[in-house]
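Asker: So the chains spell out like this:
Number of protein chains: 4
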Amino acid sequence: MKEKKFEWRTAISKVEPNKIIIRGYLLDEIIGKKSFGEVVYLLWKGDFPTKEEGKMMNALLVSGCDHSLAAPSADATRFVASSGVPLQASVASGILALGKYHGGSIEGCARIIQEGVNESKKQNITLTQIAEEIVKRHHQQKKRILGYGHPYHKSDPRTIKLLKLAKDLKIYGKHCELAIEIEKAFKNMLNKKIILNVDGAIASIMSDMGFPYKYGKGFYIVARAAGLVAHSIEQQEREKPFKAVPLDQIIYDGPSEKNL
Amino acid sequence: MKEKKFEWRTAISKVEPNKIIIRGYLLDEIIGKKSFGEVVYLLWKGDFPTKEEGKMMNALLVSGCDHSLAAPSADATRFVASSGVPLQASVASGILALGKYHGGSIEGCARIIQEGVNESKKQNITLTQIAEEIVKRHHQQKKRILGYGHPYHKSDPRTIKLLKLAKDLKIYGKHCELAIEIEKAFKNMLNKKIILNVDGAIASIMSDMGFPYKYGKGFYIVARAAGLVAHSIEQQEREKPFKAVPLDQIIYDGPSEKNL
Amino acid sequence: MKEKKFEWRTAISKVEPNKIIIRGYLLDEIIGKKSFGEVVYLLWKGDFPTKEEGKMMNALLVSGCDHSLAAPSADATRFVASSGVPLQASVASGILALGKYHGGSIEGCARIIQEGVNESKKQNITLTQIAEEIVKRHHQQKKRILGYGHPYHKSDPRTIKLLKLAKDLKIYGKHCELAIEIEKAFKNMLNKKIILNVDGAIASIMSDMGFPYKYGKGFYIVARAAGLVAHSIEQQEREKPFKAVPLDQIIYDGPSEKNL
Amino acid sequence: MKEKKFEWRTAISKVEPNKIIIRGYLLDEIIGKKSFGEVVYLLWKGDFPTKEEGKMMNALLVSGCDHSLAAPSADATRFVASSGVPLQASVASGILALGKYHGGSIEGCARIIQEGVNESKKQNITLTQIAEEIVKRHHQQKKRILGYGHPYHKSDPRTIKLLKLAKDLKIYGKHCELAIEIEKAFKNMLNKKIILNVDGAIASIMSDMGFPYKYGKGFYIVARAAGLVAHSIEQQEREKPFKAVPLDQIIYDGPSEKNL
Numbered sequence: 177m178k179e180k181k182f183e184w185r186t187a188i189s190k191v192e193p194n195k196i197i198i199r200g201y202l203l204d205e206i207i208g209k210k211s212f213g214e215v216v217y218l219l220w221k222g223d224f225p226t227k228e229e230g231k232m233m234n235a236l237l238v239s240g241c242d243h244s245l246a247a248p249s250a251d252a253t254r255f256v257a258s259s260g261v262p263l264q265a266s267v268a269s270g271i272l273a274l275g276k277y278h279g280g281s282i283e284g285c286a287r288i289i290q291e292g293v294n295e296s297k298k299q300n301i302t303l304t305q306i307a308e309e310i311v312k313r314h315h316q317q318k319k320r321i322l323g324y325g326h327p328y329h330k331s332d333p334r335t336i337k338l339l340k341l342a343k344d345l346k347i348y349g350k351h352c353e354l355a356i357e358i359e360k361a362f363k364n365m366l367n368k369k370i371i372l373n374v375d376g377a378i379a380s381i382m383s384d385m386g387f388p389y390k391y392g393k394g395f396y397i398v399a400r401a402a403g404l405v406a407h408s409i410e411q412q413e414r415e416k417p418f419k420a421v422p423l424d425q426i427i428y429d430g431p432s433e434k435n436l
Numbered sequence: 177m178k179e180k181k182f183e184w185r186t187a188i189s190k191v192e193p194n195k196i197i198i199r200g201y202l203l204d205e206i207i208g209k210k211s212f213g214e215v216v217y218l219l220w221k222g223d224f225p226t227k228e229e230g231k232m233m234n235a236l237l238v239s240g241c242d243h244s245l246a247a248p249s250a251d252a253t254r255f256v257a258s259s260g261v262p263l264q265a266s267v268a269s270g271i272l273a274l275g276k277y278h279g280g281s282i283e284g285c286a287r288i289i290q291e292g293v294n295e296s297k298k299q300n301i302t303l304t305q306i307a308e309e310i311v312k313r314h315h316q317q318k319k320r321i322l323g324y325g326h327p328y329h330k331s332d333p334r335t336i337k338l339l340k341l342a343k344d345l346k347i348y349g350k351h352c353e354l355a356i357e358i359e360k361a362f363k364n365m366l367n368k369k370i371i372l373n374v375d376g377a378i379a380s381i382m383s384d385m386g387f388p389y390k391y392g393k394g395f396y397i398v399a400r401a402a403g404l405v406a407h408s409i410e411q412q413e414r415e416k417p418f419k420a421v422p423l424d425q426i427i428y429d430g431p432s433e434k435n436l
Numbered sequence: 177m178k179e180k181k182f183e184w185r186t187a188i189s190k191v192e193p194n195k196i197i198i199r200g201y202l203l204d205e206i207i208g209k210k211s212f213g214e215v216v217y218l219l220w221k222g223d224f225p226t227k228e229e230g231k232m233m234n235a236l237l238v239s240g241c242d243h244s245l246a247a248p249s250a251d252a253t254r255f256v257a258s259s260g261v262p263l264q265a266s267v268a269s270g271i272l273a274l275g276k277y278h279g280g281s282i283e284g285c286a287r288i289i290q291e292g293v294n295e296s297k298k299q300n301i302t303l304t305q306i307a308e309e310i311v312k313r314h315h316q317q318k319k320r321i322l323g324y325g326h327p328y329h330k331s332d333p334r335t336i337k338l339l340k341l342a343k344d345l346k347i348y349g350k351h352c353e354l355a356i357e358i359e360k361a362f363k364n365m366l367n368k369k370i371i372l373n374v375d376g377a378i379a380s381i382m383s384d385m386g387f388p389y390k391y392g393k394g395f396y397i398v399a400r401a402a403g404l405v406a407h408s409i410e411q412q413e414r415e416k417p418f419k420a421v422p423l424d425q426i427i428y429d430g431p432s433e434k435n436l
Numbered sequence: 177m178k179e180k181k182f183e184w185r186t187a188i189s190k191v192e193p194n195k196i197i198i199r200g201y202l203l204d205e206i207i208g209k210k211s212f213g214e215v216v217y218l219l220w221k222g223d224f225p226t227k228e229e230g231k232m233m234n235a236l237l238v239s240g241c242d243h244s245l246a247a248p249s250a251d252a253t254r255f256v257a258s259s260g261v262p263l264q265a266s267v268a269s270g271i272l273a274l275g276k277y278h279g280g281s282i283e284g285c286a287r288i289i290q291e292g293v294n295e296s297k298k299q300n301i302t303l304t305q306i307a308e309e310i311v312k313r314h315h316q317q318k319k320r321i322l323g324y325g326h327p328y329h330k331s332d333p334r335t336i337k338l339l340k341l342a343k344d345l346k347i348y349g350k351h352c353e354l355a356i357e358i359e360k361a362f363k364n365m366l367n368k369k370i371i372l373n374v375d376g377a378i379a380s381i382m383s384d385m386g387f388p389y390k391y392g393k394g395f396y397i398v399a400r401a402a403g404l405v406a407h408s409i410e411q412q413e414r415e416k417p418f419k420a421v422p423l424d425q426i427i428y429d430g431p432s433e434k435n436l
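Those protein sequence lines, which keep their order, are chains B, V, W and Y. Residue numbering for the first sequence follows the numbering used here, beginning at 177 and increasing consecutively. Residue numbering for the second sequence follows the numbering used here, beginning at 177 and increasing consecutively. Residue numbering for the third sequence follows the numbering used here, beginning at 177 and increasing consecutively. Residue numbering for the fourth sequence follows the numbering used here, beginning at 177 and increasing consecutively.
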């Protein structure tokens with residue numbers, strides 16, 4: 177059997193002795209000139225954003241930076257931190273929690289919205305019609321539309337602010353419009369107030385910035401990493417080791433005691 | 177046995193219906209006004225940085241954002257991504273690699289430097305003397321000083337730029353000075369050119385910004401998360417699934433074949 | 177907003193002071209009487225296996241215990257181990273690689289086979305017909321059937337042995353039969369020799385033992401954990417820290433150097 | 177700069193087309209002949225155990241298989257599972273929790289005991305004297321001896337059974353003896369009943385079986401992986417998505433609300 181040589185291609189960055197290039201730019205020239213949010217954009221999209229997009233990028237990351245212990249990611253990080261592990265291990269544990277039901281809606285919602293805007297162009301129909309079709313389809317299939325609704329926030333303060341900012345920065349486009357049309361369709365068709373949550377807002381805005389939907393979770397991964405670092409260190413500094421659910425809050429409902 | 181109630185304290189953030197507070201500030205007021213780097217500082221230090229510190233914070237994060245496949249973290253992320261997993265799982269795998277020998281030097285170096293500056297004050301001796309004592313001690317114990325030397329970069333372009341920026345922003349203080357005194361002591365005492373690498377530069381500057389050393393790895397965790405997202409998505413888009421070391425590059429040197 | 181009390185139900189096990197119960201049995205009575213394979217069966221299926229099933233369970237775990245560095249999981253574990261992390265962190269990194277393309281076929285193949293056997297009963301048609309229908313459907317959709325084919329092994333020695341053992345132990349049933357009928361259908365319909373690989377063999381046998389398909393990856397997670405522990409310790413004992421792809425094997429094909 | 181070829185050595189296993197060798201043995205010959213516990217021993221120690229050691233190996237793995245939700249590992253796994261991730265990601269999250277304070281005592285205790293037995297030989301003093309020296313040293317330094325004491329079990333049923341089995345199987349040797357001498361020294365010197373817990377029992381027995389202490393966590397990693405698979409699947413089958421600490425059980429004690 178002929179083996180391929182072990183090589184690896186990348187278009188992201190290049191390392192040479194005394195030289196690091198990110199998407200064509202010298203890293204040491206970037207340092208001090210660009211904010212971290214702008215460099216995240218560079219890494220993911222291949223070139224630097226405009227000043228407005230750079231500001232929006234920072235805002236998107238800021239919006240996902242922490243949600244206290246009211247999130248499975250922070251809870252996992254703190255349990256693992258309590259077990260006596262290095263910082264990166266407890267943070268990785270929390271990042272693993274950014275699954276389908278926790279941050280994953282960004283990707284899912286961005287996909288729905290990006291496909292919706294494409295359909296609208298291809299079929300030459302209005303975003304209102306697309307929105308109604310999306311709500312109808314999900315309602316018939318008894319599926320939630322990702323990026324809508326929130327267990328705690330009936331009006332998500334992050335959404336309101338992000339959308340306003342996107343308008344001020346002239347980034348608000350067809351994807352944000354469709355996202356809001358879906359909110360309206362919930363009201364008009366089902367008589368329900370189901371809000372665009374922060375995941376949905378990030379999804380709409382990143383779509384208007386031209387990010388493919390598969391980058392969706394990336395925003396939360398980077399942003400929440402910062403919060404999880406804080407939670408891990410606080411846990412180890414202020415709490416006792418070995419945090420676990422107390423015995424009297426565990427309800428055993430398995431088979432009763434029996435002989436081998 | 178009396179069980180404690182399952183409660184959890186935190187001073188990081190507070191979530192109420194329609195309201196999220198980070199270290200006392202309303203998250204929706206922060207969005208759009210502060211860069212992500214400034215919010216990382218807020219999360220970790222408890223209040224916002226000055227404008228100069230905020231700029232430095234962004235620069236520190238930018239400097240660690242990626243190092244191509246020449247880093248175990250990116251390699252781990254790409255192997256795991258090739259196995260067909262969601263984004264957060266491959267990124268978490270790379271973050272796990274930010275151990276003692278990869279990013280971990282920030283914490284280790286910051287600790288040496290923070291203890292050194294403290295000793296200098298307590299014993300009223302110069303940083304040059306402290307630096308010589310540190311080099312001597314490590315030399316006698318045949319231990320590397322964390323944050324010095326680099327396999328590829330004989331002159332680390334990131335270090336040079338970060339230290340210059342720290343001076344321009346008036347952040348450069350006793351910790352950076354001590355870090356440079358150690359470089360000089362290598363030269364004077366051992367006649368060796370051993371450079372302060374990017375980990376050491378981040379360590380010195382974060383120390384002058386007042387971060388306890390245990391936050392050291394945090395800078396890499398957040399920064400590199402951005403690069404790892406790019407590597408994971410590039411791997412899944414451009415390469416075939418199931419990347420593994422080819423058979424003819426694995427050298428088996430265990431026991432030869434034998435019967436059970 | 178009324179919050180639910182923080183309680184958690186489980187039917188797996190119960191901990192009381194000086195007493196641990198697994199699925200109804202006292203753990204200290206199990207220790208020494210049952211093999212680990214039998215206890216894995218207990219944990220997942222809710223009661224102990226017959227002696228034959230217990231033997232099969234051990235064999236299934238043994239078959240997945242290691243595959244040298246020719247697997248993304250071992251590679252990820254070794255890169256992460258080289259970075260200087262505790263054992264559990266490097267092993268967790270490898271376990272993360274047990275995704276869709278690496279071990280994930282057990283679940284995928286078990287699902288196809290379990291649904292096939294159900295269809296066969298419901299529609300009262302032969303397994304041969306079901307097999308042909310499955311091959312035809314995947315061929316038309318240009319999809320691989322999970323659990324078939326292998327990059328290195330044209331005849332997988334683990335498959336042959338596991339199926340023989342399943343026959344000897346009277347565990348071989350309709351699911352194994354269907355798996356073999358699919359192999360035959362490849363030959364008859366497409367004139368291709370596409371073998372049932374070890375993932376497919378585990379999938380078929382676990383199905384005949386009554387495990388729902390979602391336990392599929394579990395066999396690899398437990399089994400490979402043992403191999404990954406060995407790889408992690410060997411890496412740290414025999415190799416230098418900070419393993420990374422060498423610079424001259426990284427092919428950069430991104431934008432050429434440009435000014436900011 | 178001359179780069180080394182990218183090769184990797186291993187003495188664990190060898191993969192050739194149609195052939196897999198583990199520590200010199202053909203994997204397909206092992207399948208069905210050896211229990212999983214015996215193969216774990218093979219992977220870690222390099223050759224097969226005696227029949228008695230194989231039985232002990234299985235017992236050690238069985239003893240660590242699960243501890244309900246009263247363990248940070250299971251809790252982390254369940255939070256992460258609730259977020260909608262594949263099985264390996266939630267299990268990896270739990271494995272990450274096997275740190276210094278959760279399973280890590282096996283390694284720590286084995287180290288103390290292995291060093292103690294070595295000292296006893298070198299200095300030709302009794303294990304009782306060594307035990308007293310260990311208790312005295314830890315008491316003076318105000319440090320716990322790893323492997324002793326348990327939050328729930330004043331008499332750990334797993335310890336009692338494992339030590340009895342080690343005696344029956346003629347594996348009980350100087351390391352187990354020293355472990356018990358330490359229990360006695362607590363009583364005699366400090367008048368405290370501090371029991372050898374299950375971590376300490378595994379540590380003592382694996383030491384008498386000749387395992388270096390760094391394999392200590394490996395026993396828990398493999399064993400608990402089985403329990404964590406059960407917890408992850410149960411969580412996703414029986415509970416709602418997005419488990420998080422309820423808002424009213426999070427006590428915020430950070431700065432009160434203030435303006436930006």
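A hint or two may mislead.
Identical copies go unnamed one by one, so any copy, or any two together, can satisfy a pair.
Claimed, not checked - The list that follows gives simulated cross-link-like pairs (lysine-lysine, BS3-like), each with its CA atoms no further than 27 Å apart: (1) Lys-368 <-> Lys-298; (2) Lys-363 <-> Lys-343; (3) Lys-390 <-> Lys-363; (4) Lys-368 <-> Lys-276; (5) Lys-330 <-> Lys-363.
Quick caveat, the hints were computed from the structure, so don't treat them as lab data.
Asker: Could you run down the list of hints and mark each one as holding or not?
Answerer: Hint-by-hint comparison with the structure:
1. Lys-368 <-> Lys-298: Neither: 30 Å inside a chain and 41 Å across chains, both beyond 27 Å.
2. Lys-363 <-> Lys-343: Only inside one copy: Lys-363 and Lys-343 sit 23 Å apart there, 57 Å across copies, limit 27 Å.
3. Lys-390 <-> Lys-363: neither (29 Å within a copy, 38 Å between copies)
4. Lys-368 <-> Lys-276: For Lys-368 and Lys-276, the Cα distance is within 27 Å only inside one copy (24 Å; across copies 38 Å).
5. Lys-330 <-> Lys-363: Within one copy, since 14 Å is at most 27 Å while 59 Å is not.
When held up to the earlier numbered hints, the structure conflicts with 1, 3 and fits the remainder.
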